[in-house]
Amino acid sequence: MAVSTTAVQAAWRSRLARYYGIFTICFIIFCFILGGLELFAGLPTAVIGWTFLLLTMGLYATVGILSRTKILDEYYVAGRNVPAIFNGMATGADWMSAASFISMAGTLYALGYDGLAYIMGWTGGYVLLALLFAPYIRKFGQYTIPDFVGARFGGTRARVVAAVAAIIVSFTYVTAQVTGVGLIMSRFVGVPYQWGVVIGLSGVLVCSFLGGMKAVTWTQVAQYIILIIAYLIPVTFLAIKLTGIPIPQLAYGQALQNITALEEAQGITKAYVTPYNEALTNANAITAARGIGLTPPAPITNTDWLGTPWDFLALTLCLMLGTAGLPHILIRFYTVPSVRESRMSVGWALFFIFLLYFTAPAYAAFARWNILQNVVGSQVVVDQGVASFIDRATGQPANWVPQYVRTGLFNINDYSVLEGLSGDSLPAWAKDRIQAGTLVWNDANGDGVVQLGPFAPVDDTTGSAGELSGSSVTAASVDGILQFAELNINNDLIVLSTPEVANLPYTVAAIIAAGGLAAALSTADGLLVVIASAIAHDIYFRTLNPSATPQRRMFLGKSMIVVAAALAALAAMPNLALIARMVAWAFSLAAASFFPIILLGIFWKRANGAGAIAGIIGGLAVTIGYLTMVYINPNLAILGISDASAGIFGIPVNFLLVYIVSKMTAEPSKEIQELVDHLRHPQEDDELMTNLASG
Amino acid sequence: MSTQEDTTRKQRLEAYWRANIRLITTLLIIWFVVAYIPPLILPQLNSIVIGGFPLGYYMGSQGSLIVFVVLIFYYAWRMNRLDAEYGMRDRDK
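Those sequence lines, one after another, are chains A and B.
When we follow our numbering, the leftmost residue of the first sequence carries the number 1, and every step to the right adds one.
When we follow our numbering, the leftmost residue of the second sequence carries the number 1, and every step to the right adds one.
Treat the hints as calculated values from the structure; they're not laboratory data.
Among the clues, some could well be false.
In silico EDC-like pairs for lysine to aspartate or glutamate, Cα to Cα no more than 16 Å straight-line [what the hints assert, rightly or not]:
hint, chain 1, residue 1, chain 2, residue 2
1, A, K241, A, E500
2, B, K10, A, D383
3, A, K605, B, E14
4, A, K558, A, D73
5, A, K605, A, E671
6, B, K10, A, D677
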C-alpha cells in the first residue's frame, strides 16, 4: 500500500515536472520570437503588448477551466496532493504581489539600507513559518485558519473572531492587488485604469470561481514561472550593460562602491548604504486625507530618532511575524500530501521567493548608480510641454521622460522649467509647494506669467529668482542643472522603466508587464479564496448552518468569490494613497492578531479560548491605536517607531493577555489537550480529529 | 502489559517533542543572531568591504537570506530523520 502510494506520487510528480518544464521552455522561446519579430520585422508595440496579455490571461483561464471541480476537498485544499516543490512555487506566487514585483526595487532605490527591513522581514518570516507553524497546520489538516482557531480554542466565538480578522487582513491586501492590476493594464496596453481593473479581475475569477484552491494552485505555479523569468531578464541585461557581468546579484557590489563615490562627489548627505536616515513624516496622511476630502493634518517631520536602529528592528520583526501569520500563506500548507512534505515545502517556497528578493537590491543599486552617473548634472529642458533633461549619450531630450511625466511617475522639480508658464498651467508639484508655502510666486508685473531672473541670495541658503521666492528657492533649484534632489521618481518606475533606461526592445517591457500581472493576479487569487472560505465555510457552514449540503456550501463559496472581487474592484477604483499604506499595516495587524495565538495554541497547552479572544482583541486594539496616532502625528512616536511597525506594541500585549486570561480561567478540555498532542506528532489519528473539528 | 506499552509510547512521544523543541530553539537563536545583530553593529560591519559589498549591507540584502533558506531545509531534513528515529509514521494523504 505504502509502496504503491509512493509510486503513484512519484509518477504524478514527474508528470507535473514535465508539463511545467515544457511550459517554461515554450514561454522563453515565445519571448525570443516576439523580440526577434520586433527587432527584425518591426512588429508594432501594441501588438506585442496585447499578445502577451491575451496569451498569459488565456493560459490562466485554461488552467482554471481544466481544474474546475465540485469536490469540496479539491475546492478548499487542492485535494491535498500538491508536491512540496510545486507548493513552494505556488506559495511564491501567492506571496509575491504587485508590491514585491513592481514597488520593492523602487523602495530600496529610495531608502537604501533602510529598505532592507522589507527584504529581511519578508524572508525571515518563512523561518518562523517552517519551524513553528507549517507542519502542525498540515497535521491539523482542515480547510481554513479559523478552523484551527475554532478547534483549538474550543468554540464558535474564537472561530468567528478569527474569520473576521482574516477577512479584514485579506481584503486590505486584495484591494492593493487590484490597484496594481489596473495600473499595469493601463500603462502597457493603454486601456483606461478602470477597464484594466475589470479585465484583470475577470481573469482572477475564471480561476478561483471554477476550481477554487485546485485551480488557483496550478495557475500560481505557472504564474511563478512567468514572474521570475520576467524579473530576471531585464535586470540581467541591465547588469551586462553597466558592468559587463551577467549575474546582477554578484555584480552590484561594484554599483554600491560607485554610488558611495558619486554621492560624496555630489554632496548627497542621505547616503545609500548609511542606515537609519529616514525621518518620520505624516506626508501620506496628508495625501490620504485630501484624497477622501477630509481636512489634512498640519505637516509634521520628526527627526529626533535619526540614526537609531529601533524602527528598523521593530519593522523587521513585525514583517516577519506578520508573514508567518497571514492566512492566505498558512492555508497553502494544507494542500501538501504529508507533514514531511509540508516541512520541505516551506524550504522550497522561501528558495523561490529568495530568487526574486536577492535580485531586488541589485535592481535598485543599478538604477541608483545609473541615475547618479548618467542623469544627475544634465541640462534641464522643456520637451513636449513637460520638464525633461538632455540625455548626454544622444544630445537630445531623453525620449522616455514625457510618457512617465504624464502618468505621474516622474517629475523634475527644477524651477527653471516654470519660466514663461501662466499661473493656471503650473505643474502640480509647483502648485503643491505654493499651497504648502515653501514657494512664493509674486507676479510683480501682473502679466500672469512666471518670470525667473538671476538668483539673489536672501540668507545663507535661500533667496529669490525673479518672481519666485520662498524657503525652497536655492541657487541649485533655479540653475537649470538637474540635481539628485530635484528628481521626483515614483517607486514603481524603477522596474517599469528599466527597458528604456537600458535601451532594450519593447518586448522586454511587455514581459515585465506580464510578470507584474502574474504577481498581482496570483496573490489576488489566493486572497479571494481566503475571504470566500471565511464567509462560506467558517461563518455560514460552521457557525450559522452546520447542516448545509456540500452543494450549497460550494455555491455560497463561489458566490462569495464574485462578491469579494466586486467589492475589491469598487474599493480600488478611486486609487487612494491610503490603500498603499494599509498594506504595510496588514503585516503589523497579522503579527499582533494571528501570530501569538497560533504559536501558543501549538506550544502551550494551557492557552484557552478566553485567552485567545482577549489576546486578538487587545493586540489589535493597541496596534490600531498606535498606528493611527503616529500616522497623523509622528511627534508622538515612541523610540521613533513608525506606524508601519505598530505591531511591536500589539504583539507583547497579545501574548501577555493570552497568558493572564488563560491562567485566570479554566484549562482547556481534555479533548483539546489531546488535539494539541495529536498536532505535535506526525502520526495517524484521524478519528479524534474528525470529532473535534465538527464539535 | 498494555499500561507499560502506554508508558513507553508516552515517553517516546515526549522525547520526540523535546528533541524537536531543542532543534527549534537552536535554529531560532541562529535566525535571531543573523537577522537582528548586524543592524545593531552596522557601522563596524560596513567598514569591512568584500567584493564591493559593505558587509553590513551584504548581510541585510543577501547573507541573512541565504542563512534563512539553509535553516529551513536543515530543519526539514533533520526532522524527517527524527521522525524515523522515533518511529513516527507519516500519513500519505
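Each hint, compared with the structure:
no.: 1; hint: K241/A <-> E500/A; in the structure: holds, 12 Å
no.: 2; hint: K10/B <-> D383/A; in the structure: violated, 79 Å
no.: 3; hint: K605/A <-> E14/B; in the structure: holds, 14 Å
no.: 4; hint: K558/A <-> D73/A; in the structure: holds, 14 Å
no.: 5; hint: K605/A <-> E671/A; in the structure: holds, 11 Å
no.: 6; hint: K10/B <-> D677/A; in the structure: holds, 10 Å
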